[in-house]
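Asks: One letter stands for each residue in the lines below.
2 protein chains.
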Amino acid sequence: MTTPQQGPALVVTPEGMTGRTGRYEKKLADLTGLFTDTEAFDARLATESDRVIYHVDEFRPSGDAGDLITGISTLSPGRVGTEFHMTRGHIHAQQDRTEIYHCLSGHGLMLMETLDGATVVTEMRPGVVAYVPPAHIHRSVNLGDTDLVTLFCYPADAGQDYDIIARSGGMRHRVVADGDGWRLEENGSYVPR
Amino acid sequence: MTTPQQGPALVVTPEGMTGRTGRYEKKLADLTGLFTDTEAFDARLATESDRVIYHVDEFRPSGDAGDLITGISTLSPGRVGTEFHMTRGHIHAQQDRTEIYHCLSGHGLMLMETLDGATVVTEMRPGVVAYVPPAHIHRSVNLGDTDLVTLFCYPADAGQDYDIIARSGGMRHRVVADGDGWRLEENGSYVPR
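Chains as they are written, first to last, in my numbering: chain A, 1 to 193; chain B, 1001 to 1193.
Calculated from the structure, these hints are not laboratory results.
We put the CB at the ideal spot given by N, CA and C, even for glycine.
Check before you lean on any hint, since a few could be wrong.
[Claimed, not checked] Computed, partial: chain B to chain A, Cβ under 10 angstroms:
hint, residue
1, Val1012
2, Leu1031
3, Asp1042
4, Val1052
5, Val1056
6, Phe1059
7, Leu1115
8, Ala1158
[Claimed, not checked] Just so you have them, the derived chain A footprint on chain B, three or more residues with Cβ under 8 angstroms:
hint, region
9, 1065-1077
10, 1082-1091
11, 1139-1146
12, 1180-1186
[To be verified] Residues from chain A that keep clear of chain B, each with C-beta distances beyond 10 angstroms, as calculated:
hint, residue
13, Arg51
14, Ile165
15, Arg183
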């Protein structure tokens, strides 16, 4: 039998992704400033500072323009006050670069915002593909009581600008618990760009 | 409650993808010339000419460079002689453009080939992400007895060159049944580029 070369052995499992080229974790302490209820945040920080709130496994073949970075994001369930666990969020440094997030398990939101402050959401359940259009700030929010796991894919030359959210005092809306569900609340600290 | 705008409602289901912007089907008659056993092919063609061998649902937001085309490919099981059902295969017209295929169900191969005729394969089972590097011709092959369903994603400006395979008399290797398994066989009609 002819023996071919094997392609990269990327396999998504409940534990993460084998064949990844990198992994990063964000602990509770890394999310200082994201949540409005600083008292609730500080109370959790006292005992859970090192708790991993989300982690990302990624396969980054190169940084070339036509290449694609692919990976798995795993966001734990939980709240800080009435706000749900969320990722830091970013916009692509090359703002015309887009991204997809394919929900593999859990229940959450892709919370998006245009540069002029319009909010766009995609509610994520297994099978949903959230599409992040050009020039949309985006972050994941976990609405459920299990991990929110998504497969993501974006152009390798996109880059990330995390600071755009801090500069405007957060995203325009916060996602807060409302009985068993959720609602959007205006972020009082928001400063239009 | 603040009512946000909704993102595109893309949902992958066993039947396809809701929210798609397009769908195409390839019937047996469209695959004339792909299989080596023309007698077996003609025999099937006599009764199954209109049978859909694979179909593709896609979401194509735009053709801009940073955009991503996302969809689902569903390749039926079956054989023509000893060869398994396969897609036509292509290389990206912009050859530096890459692609991922995330296997959602079934069992198959991503059969890849470099311009100088080296064969690269990724065996696909649920959870496997096949990564197609720059300048790799690629096609899907269904090794199993159920549909091979993959979520794909590639840069919107990639384009497709289907003719590259025909010009070299097919891909370098054929994927043929070998007992309960499979093997690669040199394609006798192959002409190096």
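Asks: So, for every hint listed, does it hold in this structure?
Replies: Right, here's what the structure says about each hint:
Given hint, Val1012 of chain B at the interface with chain A, holds; its Cβ is 5 angstroms from that chain's nearest Cβ, closer than 10 angstroms. Hint status for Leu1031 of chain B relative to chain A: violated, with the closest Cβ pair at about 23 angstroms, above 10 angstroms. The criterion of a C-beta within 10 angstroms of any C-beta in chain A is not met by Asp1042 of chain B, whose closest approach is roughly 27 angstroms, and the hint is violated. The beta carbon of Val1052 of chain B is not positioned within 10 angstroms of any beta carbon in chain A (closest approach about 22 angstroms), and the interface hint is therefore violated.
Checking Val1056 of chain B against chain A by beta carbon gives a least distance of about 15 angstroms; that is not within 10 angstroms, so the hint is violated. Hint status for Phe1059 of chain B: holds, given a least beta-carbon distance of 7 angstroms to chain A, under 10 angstroms. The interface hint given for Leu1115 of chain B is violated, since its Cβ lies 14 angstroms from the closest Cβ of chain A, which is over the 10 angstroms cut-off. Because the smallest distance between the Cβ of Ala1158 of chain B and any Cβ of chain A comes to about 7 angstroms, under 10 angstroms, the interface hint for this residue holds.
Taking a C-beta to C-beta cut-off of 8 angstroms, the region 1065-1077 of chain B contributes 5 residues in contact with chain A, enough for the three needed, and the coverage statement holds. With a threshold of 8 angstroms between beta carbons, the proposed coverage of the region 1082-1091 of chain B by chain A is violated, since 0 of its residues qualify and at least three are required. Closer than 8 angstroms: that is the beta-carbon criterion, and the region 1139-1146 of chain B has 0 residues meeting it against chain A, so the requirement of 3 is violated. As drawn, the region 1180-1186 of chain B meets chain A at 4 residues by the rule of a beta-carbon pair under 8 angstroms; at three or more, the given contact holds.
Even its closest Cβ contact with chain B, about 27 angstroms, leaves Arg51 of chain A beyond 10 angstroms, as expected for a residue assigned away from the interface. Chain B leaves Ile165 of chain A outside its interface by the beta-carbon criterion, the shortest separation being 17 angstroms against a cut-off of 10 angstroms. At the 10 angstroms boundary, the C-beta of Arg183 of chain A falls inside the reach of chain B, the nearest C-beta of that chain being 4 angstroms off.
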